[in-house]
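Peer 1: Each chain is listed here by its residues.
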Amino acid sequence: MRLARIVVESFQAIQHADIELGPGLNVLHGPNDLGKSTLASAIRAALLLPPSSSEAEAYVPWYADATPRVALTFVDGDNRYWKVSKSFGTNGSAELHHSKDGLSYSLDSKGRVVEEKIRTLLAWGIPAPGGKGAPRGLPTSFIASALLAAQTDVDSILERTLDADADGSGRLRLTKALATLAQDPLFKKVLDAAQREVDACFTATGQPRRGKSSRFTEATNTVKRLREELLEIERRIAESTSVEESVVLLREQAVRAQGEVDEATSALGEATTAHDRALARAAAQAELDVARRALAEIDAKVAYVEALATDAKGLEAELDAKRKDLERAEAAKAAAEGGVRAADEAHRAATSADGARELELRRAQLAESASKLAGLRKDASTRLERATRAAEASAAAERARVNVVAARKVADTRKTELTESSGRAAEAKATLAGAKALVSYVRWHAAAAARDAVERFRADAAGLRTAAEAKDRGAAEAASRSVAAMEALEKRATVLPTNEQAKNIAALERKVALAEAELGGGLTVVMRPRRAVEVRVLADGTQVIAEAALSSESKIDAKRAVEVLVGDMIDIEVTAGTADRRHALEELRARWRAEAAPVLELAGIATVEALQSALQQLGTDRAAAADIAAAAQRERDEAANMRAQASALDERADHSASAAADIEERRAAIGEVDLAPLAASFAKLGAAKDLEAEKAQRVCERALIEHEEARAKADRESGVAAYQLSDAETRVVEAEARAQEASAGLEGADASTVRAAAESELERLAREEAEVSSVLNGLEAEATREVEAAAKLLALAKSQAEAAARAAVEAKSSVDTAHGRLEAHRGKCEEARRTLDALDRTGAASAVAVREAALAALPEAPPQTEDLLAAAERRVDAARRALTEAKEELLQKEGALRHVGGNILRDESDRTREALLGAEARERSVETDAAAWKLLHATLRAVENEEGAHLGRALAGPVSARFTELTGGRYGALQLGTDLRAQSLEVTSISGTPDVLARLSVGSRNQLATLVRLSIAEQLKSAIVLDDQLVHTDGVRHAWFRDLLLRAALNVQVVVLTCRPADYVSRDELDTDSAVRDIAGGSVRLIDASRVVKRWSSSSSLQRPRE
Amino acid sequence: MRPAGEDDIVMKFLHTADWHLGRRFKSFGESEELKLTRARLEVVDRLLLVAERNTVDAVLCAGDLFDEPSPDPQWWEGLSALFAKRRWSSRPVFLLPGNHDPFTPDSIWAKDHKFRKGLPDWVHVIDRPDFEFALSSDVVLYGVPCTSRSGAKDPTESIPMRAEGDDRVRIGIVHGSTFDVPNCQTHFPINKDAAIARGLDYLAIGDTHGYRLVPPDREIPPTIYPGAPEATAFDEREPGHVAVVYMSRSRRASVRRERVAHWTWEEARITTMAGLRDLTRRSDLGARVLRLQIAMRVSAPEYDEAEKLLEDLSGSAAKHGRVGVLALDRQGLELDTATVASHCTDLPDVLRSTVDRLTTLASDPSFKHTAERALYHLYRSAKQPRVP
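Here the protein sequences line up with chains A and B, keeping their order. Residue numbering for the first sequence follows my numbering, beginning at 134 and increasing consecutively. Residue numbering for the second sequence follows my numbering, beginning at 145 and increasing consecutively.
Watch out, some of these pointers could steer you wrong.
Listed next, the in silico DMTMM-like pairs over lysine to aspartate or glutamate satisfying Cα-Cα at most 25 angstroms (straight line) [claimed, not checked]:
#: 1; chain 1: A; residue 1: Lys1067; chain 2: A; residue 2: Glu1047
#: 2; chain 1: B; residue 1: Lys527; chain 2: A; residue 2: Asp325
#: 3; chain 1: B; residue 1: Lys336; chain 2: A; residue 2: Asp325
#: 4; chain 1: B; residue 1: Lys179; chain 2: B; residue 2: Glu301
Far from chain A, some chain B residues (derived; all Cβ distances over 10 angstroms) [to be verified]:
#: 5; residue: Glu449
#: 6; residue: Ala471
#: 7; residue: Asp473
#: 8; residue: Ser486
#: 9; residue: Arg501
#: 10; residue: Ala518
#: 11; residue: Leu522
#: 12; residue: Ala526
The following residues of chain A were derived to be distant from chain B, with all beta-carbon distances above 12 angstroms [to be verified]:
#: 13; residue: Ser373
#: 14; residue: Glu377
#: 15; residue: Arg384
#: 16; residue: Glu449
#: 17; residue: Arg831
#: 18; residue: Leu895
#: 19; residue: Lys1067
Bear in mind the hints are in silico, worked out from the structure with no lab data behind them. Ideal placement from N, C-alpha and C gives every residue a C-beta, glycine not left out.
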């Protein structure tokens, strides 16, 4: 790196400065306090300090309120020009431009990126700004201290250590630059191999490389990609499995539901059969009851007729008795008339001569009278018996009337019950109508809801499709972008090499560098012209002398080659190194030209590092394009999923539409009724409105059936009661008829009266018999009295004859009455018999038998068949609903199933998992391998250090040699640690002398530090700024340093800031009017600071004094 | 089963399935994967040659012919080219969409797709569930395509039952899972008695990648998975075949399977150096897809030899490997660290010290593998001849 130009504005004491620096030694001279050190500060600020850093507050101009600005142009190792421009302050800014020719620049970066980019370019061991724990203020490092140390910090390099660097890039750079240890060739071979592998795998700080070309990156990216793929696949498998399990479960559920429907339907069939059977049995039983009642009625009529016949026989018997009574009464009348005639004859006999005969006759007459009295007593007993029977018939008629009253009461009760039952049945019928209306209303409402849902489902489906189309469009655009990006990348990739090629090119570059380094043993050519000749000299390809007439001795130092062109006479080329190494280098360069250069040219890229960056960027861009493509695919998948949902919604809409198809019929089913009460009832229903309404309807239907049955039962019982009343009334009539018939013999008299008269007559007859017997017994003794008695007996006989005549009249009347009653009874009996003859008892009995057989033929039915039937119906309804729901859900899930991956995803998952396992194994292998190389490298280094070979020795060697030369052999070897810290300095004249480093004079210490810094700059091929480093150096040593710097400036750029320019050039050379002057063939540039640096004027100070 | 007499044959056809054109093999390296993916198209050419050689009357391809419904054009263009170079006007080919390549509006089977439009007229795509094709007056073919990746319906349910009096040879072709396949319920389940139930004399099915009868003990009427003509995984049993089927007048099918695969998939575990040396001497490795697991502990020279032998098997940037496709698991290859030092006595002190340190580290389990590998790197770097 070398500095090309620095432009400073409003920077501390400097108002303006614009300085172009030469490639060799630059002597910027001027008196004190002119701003030379400020320029050094400006260089440090341009390269190292973030523009908004608080450290920049120190840069504000002393005399003006202006923003400090610095623009520094530098050239990197690949001859690329970089121009960094910074404005310092709170709102500071930075820009970095690059150029191939130093003329036309392009913006490279701005802002914070500038710092990062510069620090990467420099690789001085300063990390990118802003990191955690990053130091504040002006950042520094070992190399920064070596190359840009401030005037006040001359010998600090002897105290610094590489280990203090915050970033490993400085160590790496130095390690590469100083990798010239005198190592065992085999050790070096192994170490080189390890170093190559470590460099390929790890950054300078030991972190695994994650760039595009990193072997970790490929393995890690593969693992990462496969993990992401696997995660995505597993996510889709989870979705797929969920749908598949749902389908399987729903299928099983549907099968179970179908089974339940079949089972419930079967149970309903059985219940219906049982119910029908029970109804058939009930009907058969009712028919049997009817038949039995008909038969019983016929039998009752038969009994009635038979009773009438029996009664007729009684009446006939009674008539016969009456007739006999009449005959007896006639006989008694005749007997009484005979008694009158006998008594009259006895009386005439008693009063006549024939008294004795008459007495005898009298006795006979008395005996006959006694016999007639016995007959009269028997008749009286018969009457008594008849009167008793009439009284009993009357009592039976009274009981029958009581029965009629009771039957009428029962009939009235049954009639009331029938009325009530009919009322309840009518109410149940009305309630059922309401329940049916509510069911219809619920169904109509469901249809209306389905009709509404159709629109909603369609709208949702349309929304989903629109969204899906939007996603598809987005996905198509993303895919298009991805394809375009990918095409652009592939186009770019065609001009870029593969990673392997890039790796080979990098390796080739390292080999060339190594070969050049191995070649670079150094050589010195001394020219002592015998006369002035035109000479042009190139050292390591750089022109160092171009004299038209060179006459003085010139010494040229080079690392690898010196080319001397003497006028048109001769060209001499002197090359360092052995022939083998030169040959090897040429071969490598030829390979570079043949293999690497065309690749870089094709890619339009100057350096391998830039090439690797380009490849890394290509990979990053490819990954980004792939991400876009993946995102597009995800969008497409989501769109497909949304379409599936839309299809499912359509299916639901179709289903709802079919459900709403008969909405008008459902409305008509409600009828023209007021809907408000139905709506109120509907609102009171629970969630399952249709079920509840249908349940209520069934309850009402059952209630109606129960009330109808109760009414039928009451009707039947009312009929029975009416029949019983009618029967009782008939029996009353019959009983009354019998009582009347029984009392008919009493000839209208009261039975009790008749009975009392009969009993009285019986008593009288008993007395008469006793009297006749008494008369008959006293007849002999009272012969005389007999006449008188005969007269009395005659009177009595006449009286008895009159009574007998009356009894005969009465008996005749009784016979007539009984005959009339018998005839009336016979008419009634004949009518009943005709009625009976019209009835078919055989048919009725046959009907009963048939009904009994029919009833017996019907199987027994279980109890409560109505409840079972209702329960079975409910079960069927529930099972069908469950089946419908399961089928609907299954349909939906089967729709979703069409969009899942299923076994394909599982297969994909297995393959991806296997690939992931392999990739993880490869990643582990790469990591283990890299770690092994790192371990090997570290172990080699550790062993090497312990065995005495380290970085410090490489640097200490040339420094010690120069310091020994400078001091005339006074000092020997300088010891630098592995971290390049100065550890000790030997004094050659005193063997075993302890370290004198700390006891060196300020001048010697400054000189030693300058030598260390210069050696580092030479190894790094980097510019170095020396700000009055040697103010404590005497003239002799200063002259030595001047020669050293002139030689060093042939390879590296040296910028000396001094107030004593004569220490570096002759006074003649200083005697010039120009601000800038190149001398020594352009290898030295004198810059008059007083001419190129404009300080703030005192007027500025007056205008804007600042503290 | 033996073919019936030629006189008795009313129909000969070739039954194949599961080509999976375009399938990726992620677990293999890029070049190995290419070999396996290319092989899928190559085997189709071979099986079409088998059809020609056997002078079959028809070729039935029972699904999953492509690995996805919209494969990269190179796959369907390749297949089209195979058809295009044949003039089979009297030998129809029937292509059935499977669950990997279902018939969807944006699939390769769509009527407006270039592939479909470019097919010869003797190549028929079974693109509807009521597909019926009279192969002759005596033989009829029924086919039911997959229209999605998953499905719960048995595709054979769409095939009409044999009508009374229909004594033609009835052949069915579907794609799906038989009862003995996991998750068959949602993967186009095929009833094991479908051939009997639908009155089919042969049911050509696809999905499983190994050749097998379903159920295994029923030969008449046959329901057969011919398997993938080229295997796709190590765990597949008897892949790599097609079925050549002879139908007799009495409607009996005789089936002969014929191998068409180029690649044989094999797994091997090597535990000794002798075994590894024997393996490398085998002459049949060129057509093998070999999953090789190394499990042995060897000395440093043997380790070096093992590395060379493994490189011989797997190949390098400069030469092909001896194994056609190698999936190498070398995690079990261990270096006997205890003996490394004895093989490094000729090295400079600094390297021997390094060997000692690494050997000590290798005894620490947390550094074992890293230190072993570092020792190997040291050994090999130091021992291999220097490049001038």
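Peer 1: Next step is simple, just say for each hint if it's right about the structure.
Peer 2: Against the structure, the hints come out as follows:
Between the alpha carbons of lysine 1067 of chain A and glutamate 1047 of chain A the distance comes to roughly 30 angstroms, so the proposed pair goes past 25 angstroms and is violated. Restraint check: the Cα-Cα separation between lysine 527 of chain B and aspartate 325 of chain A comes to about 14 angstroms, which is no more than 25 angstroms; the hinted pair holds. Taking the CA atoms of lysine 336 of chain B and aspartate 325 of chain A, the gap is about 68 angstroms. The hint is violated against a cut of 25 angstroms. Distance check on the hinted pair: lysine 179 of chain B and glutamate 301 of chain B sit about 40 angstroms apart at the alpha-carbon level, beyond 25 angstroms; violated.
Here glutamate 449 of chain B stays apart from chain A, with its beta-carbon at least about 19 angstroms from theirs, past the 10 angstroms limit. Not every C-beta of chain A lies more than 10 angstroms from that of alanine 471 of chain B, the closest at about 7 angstroms, which undercuts listing it as non-interface. For aspartate 473 of chain B, the shortest C-beta to C-beta distance to chain A comes to about 7 angstroms, within the 10 angstroms cut-off, and the non-interface label is violated. Residue-level check passed: serine 486 of chain B sits 18 angstroms from the nearest beta carbon of chain A, beyond 10 angstroms.
With a least CB separation of 5 angstroms from chain A, arginine 501 of chain B falls inside the 10 angstroms interface cut-off, contrary to its annotation. With a least beta-carbon separation of about 4 angstroms from chain A, alanine 518 of chain B fails to lie farther than 10 angstroms from that chain, contradicting its non-interface assignment. Here leucine 522 of chain B does not stay apart from chain A, with its beta-carbon only about 6 angstroms from theirs, under the 10 angstroms limit. At roughly 5 angstroms, the least C-beta separation between alanine 526 of chain B and chain A is not larger than 10 angstroms, which violates its mark as non-interface.
Against chain B, the non-interface label of serine 373 of chain A is violated: not every CB pair exceeds 12 angstroms, the least being about 7 angstroms. Not every CB of chain B is more than 12 angstroms from the CB of glutamate 377 of chain A (nearest about 4 angstroms), against its label as outside the interface. Consistency note on arginine 384 of chain A: stated as away from chain B, yet its beta-carbon is not over 12 angstroms from all of that chain's, at 7 angstroms minimum. For glutamate 449 of chain A, the condition that its CB be more than 12 angstroms from all CB atoms of chain B holds, with the nearest at approximately 92 angstroms.
Distance check on arginine 831 of chain A: its Cβ is at least 38 angstroms (rounded) from any Cβ of chain B, clearing the 12 angstroms threshold; non-interface status holds. Residue placement check: leucine 895 of chain A keeps its beta carbon more than 12 angstroms from all beta carbons of chain B (closest about 112 angstroms). The Cβ of lysine 1067 of chain A sits about 8 angstroms from the closest Cβ of chain B, inside the 12 angstroms cut-off, so the non-interface label is violated.
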